[in-house]
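Colleague: With the hints as constraints, model all of the structure from the sequences given.
Here the protein sequences line up with chains E and F, keeping their order. So for the first sequence, this note's numbering puts the first residue at 1; every next one is plus one. So for the second sequence, this note's numbering puts the first residue at 1; every next one is plus one.
Misleading hints may appear alongside valid ones.
No copy labels: a pair is met if it fits in one copy or bridges any two.
[Stated by the list, open to error] SDA-like, lysine to any residue: derived pairs with alpha carbons at most 25 Å apart:
id, residue 1, residue 2
1, K69, Q195
2, K119, Y106
3, K22, T169
4, K20, D260
5, K22, Q8
6, K238, G21
7, K77, A63
8, K247, Y99
9, K84, F32
The hints are simulated quantities; they were obtained by calculation from the structure and are not laboratory data.
In case you want the letters, here they are:
There are 2 protein chains.
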Amino acid sequence: MRVFESPQELQQYITEEKRKGKTVGFVPTMGFLHEGHLSLLRAVRPDVDILVMSIFVNPLQFAPSEDLKTYPRDIAKDQAMVEKEGVDILFLPSDESMYPSGYSTYVGEIELSQRWCGKSRPGHFRGVTTVVLKLFNIVQPDISVFGEKDYQQAKVIAKMASDLNLPVTIRTCPIVREPDGLAMSSRNSYLTSEQRQAALALTNSLDYAINEFRKGVRQGNYLIQAMCLYIQTQDNVKLDYVACVDKDTLSPKEHVDVGDRLLVAAYVGETRLIDNKPLTLE
Amino acid sequence: MRVFESPQELQQYITEEKRKGKTVGFVPTMGFLHEGHLSLLRAVRPDVDILVMSIFVNPLQFAPSEDLKTYPRDIAKDQAMVEKEGVDILFLPSDESMYPSGYSTYVGEIELSQRWCGKSRPGHFRGVTTVVLKLFNIVQPDISVFGEKDYQQAKVIAKMASDLNLPVTIRTCPIVREPDGLAMSSRNSYLTSEQRQAALALTNSLDYAINEFRKGVRQGNYLIQAMCLYIQTQDNVKLDYVACVDKDTLSPKEHVDVGDRLLVAAYVGETRLIDNKPLTLE
Numbered sequence: 001m002r003v004f005e006s007p008q009e010l011q012q013y014i015t016e017e018k019r020k021g022k023t024v025g026f027v028p029t030m031g032f033l034h035e036g037h038l039s040l041l042r043a044v045r046p047d048v049d050i051l052v053m054s055i056f057v058n059p060l061q062f063a064p065s066e067d068l069k070t071y072p073r074d075i076a077k078d079q080a081m082v083e084k085e086g087v088d089i090l091f092l093p094s095d096e097s098m099y100p101s102g103y104s105t106y107v108g109e110i111e112l113s114q115r116w117c118g119k120s121r122p123g124h125f126r127g128v129t130t131v132v133l134k135l136f137n138i139v140q141p142d143i144s145v146f147g148e149k150d151y152q153q154a155k156v157i158a159k160m161a162s163d164l165n166l167p168v169t170i171r172t173c174p175i176v177r178e179p180d181g182l183a184m185s186s187r188n189s190y191l192t193s194e195q196r197q198a199a200l201a202l203t204n205s206l207d208y209a210i211n212e213f214r215k216g217v218r219q220g221n222y223l224i225q226a227m228c229l230y231i232q233t234q235d236n237v238k239l240d241y242v243a244c245v246d247k248d249t250l251s252p253k254e255h256v257d258v259g260d261r262l263l264v265a266a267y268v269g270e271t272r273l274i275d276n277k278p279l280t281l282e
Numbered sequence: 001m002r003v004f005e006s007p008q009e010l011q012q013y014i015t016e017e018k019r020k021g022k023t024v025g026f027v028p029t030m031g032f033l034h035e036g037h038l039s040l041l042r043a044v045r046p047d048v049d050i051l052v053m054s055i056f057v058n059p060l061q062f063a064p065s066e067d068l069k070t071y072p073r074d075i076a077k078d079q080a081m082v083e084k085e086g087v088d089i090l091f092l093p094s095d096e097s098m099y100p101s102g103y104s105t106y107v108g109e110i111e112l113s114q115r116w117c118g119k120s121r122p123g124h125f126r127g128v129t130t131v132v133l134k135l136f137n138i139v140q141p142d143i144s145v146f147g148e149k150d151y152q153q154a155k156v157i158a159k160m161a162s163d164l165n166l167p168v169t170i171r172t173c174p175i176v177r178e179p180d181g182l183a184m185s186s187r188n189s190y191l192t193s194e195q196r197q198a199a200l201a202l203t204n205s206l207d208y209a210i211n212e213f214r215k216g217v218r219q220g221n222y223l224i225q226a227m228c229l230y231i232q233t234q235d236n237v238k239l240d241y242v243a244c245v246d247k248d249t250l251s252p253k254e255h256v257d258v259g260d261r262l263l264v265a266a267y268v269g270e271t272r273l274i275d276n277k278p279l280t281l282e
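Modeller: Dropping the structure here:
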């Protein structure tokens, strides 16, 4: 496995390899890797010649009040994990190499990204689309893979890729969960053991609503209310939002059907967690 | 010469050619071609395997009050002209293929593009950067060439390319002028013969200021005032702005030197024209 820190050197290397006909797969991450990240690597490894993972805690997608400084980092452990997955190139750019002094270009998706997490975290998705576009231009992937835990993010990136005619195929992979159902997230490391237990309220509230759906409920508002009530009964959990949306447009659904998506975001202590599930009949 | 109308088909074709090791040069235009455009083709033709020109009157860079509907078009004549210059691919996308219903992603450079033409034409440069990025993603050029008549545009595009790590080299070419000095522009076709004569005020005002510089004047404000006065004495010419700027940052210069740039924009009748020249000693 080769490690690159310079965007220019990696870009030049990839450009030369692509000229020889090589294909490139890419998994961008913020590191502190877990099985969720590894599942993304496994989903693309067989289909490409060169597999690239980036680890970059992107300052542009954090608001000043958020957890940029405390975001968990363990590059040595990450490096050992991805080497086992057959990653060819690990890209570890510095903040300065990605956003040099005088940086002034930003990319924004202005429909999908206005809702839900976009409302709770102003500027967040602009930071995400900008860094992902930069990483795509450096790595020049044929295929890039994103996890469905960040469901809205995956949709926003796919919309950007389509709108901007990016020559890349966007894939998504299902959420990987802990045995008790908690969606894997690097931010779970913030939780005390008590909070870790309370955090189950997110996945359990989704299951509760899906169960109501399976019993025949088809009113989106009823499912939302059920999830809100469920979460509000949990100590140490503060609801951010609950939504019942069309799986592609992310717009709210009044009358729901199989395939529509439930989204939830909540604070457990200081830690903001998100989760989502599709409505299914079994 | 092959003609493509579909972004997807052109992108796929280029992707395959690049995989074989071919290099691509690209000249994006709005058509109604003149010697200025042809000079851009000649500047890159010897250095690439595949030379692509696009003709697309980009609605996104026109304000509602501007001349989108009347912008001059003559595709048949353009096609004959570029065939002679050895263009391999002419790309003629439709509005609908570039901005399908629900389009929602925009790219903005927020420093260089705020000044001068950016102030006179709000949203203009966002339209330019968005369409150029889309065209770059479709055509995947190794080299792209822009004319210095649109001096600020060329700087904004180069800044976007640098900020977003685009794998493309941006070249610029000097303004091509009519024998009497008028900068070539597709919009010159709007001018009556009287206006055509009046339009010389732009290049003449630049020459007047450069002459003052050569006589020893080094105060930016003095040069600006001289140009303003020159233009204000001309019938049928209404000044938009005059600037004396650093050639890279486009910020105003108080004390000027060789290499700094004079910019001018003015209306001749309804037609908005721009011009610029560097300060030189001979």
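Colleague: Now, for every hint given, state plainly whether the structure supports it.
Modeller: Cross-check of the supplied hints:
| no. | hint | result |
| --- | --- | --- |
| 1 | K69 with Q195 | within (21 Å within a copy, 61 Å between copies) |
| 2 | K119 with Y106 | both (19 Å within a copy, 19 Å between copies) |
| 3 | K22 with T169 | both (16 Å within a copy, 22 Å between copies) |
| 4 | K20 with D260 | neither (43 Å within a copy, 43 Å between copies) |
| 5 | K22 with Q8 | both (19 Å within a copy, 21 Å between copies) |
| 6 | K238 with G21 | neither (51 Å within a copy, 55 Å between copies) |
| 7 | K77 with A63 | neither (27 Å within a copy, 53 Å between copies) |
| 8 | K247 with Y99 | between (33 Å within a copy, 22 Å between copies) |
| 9 | K84 with F32 | within (15 Å within a copy, 57 Å between copies) |
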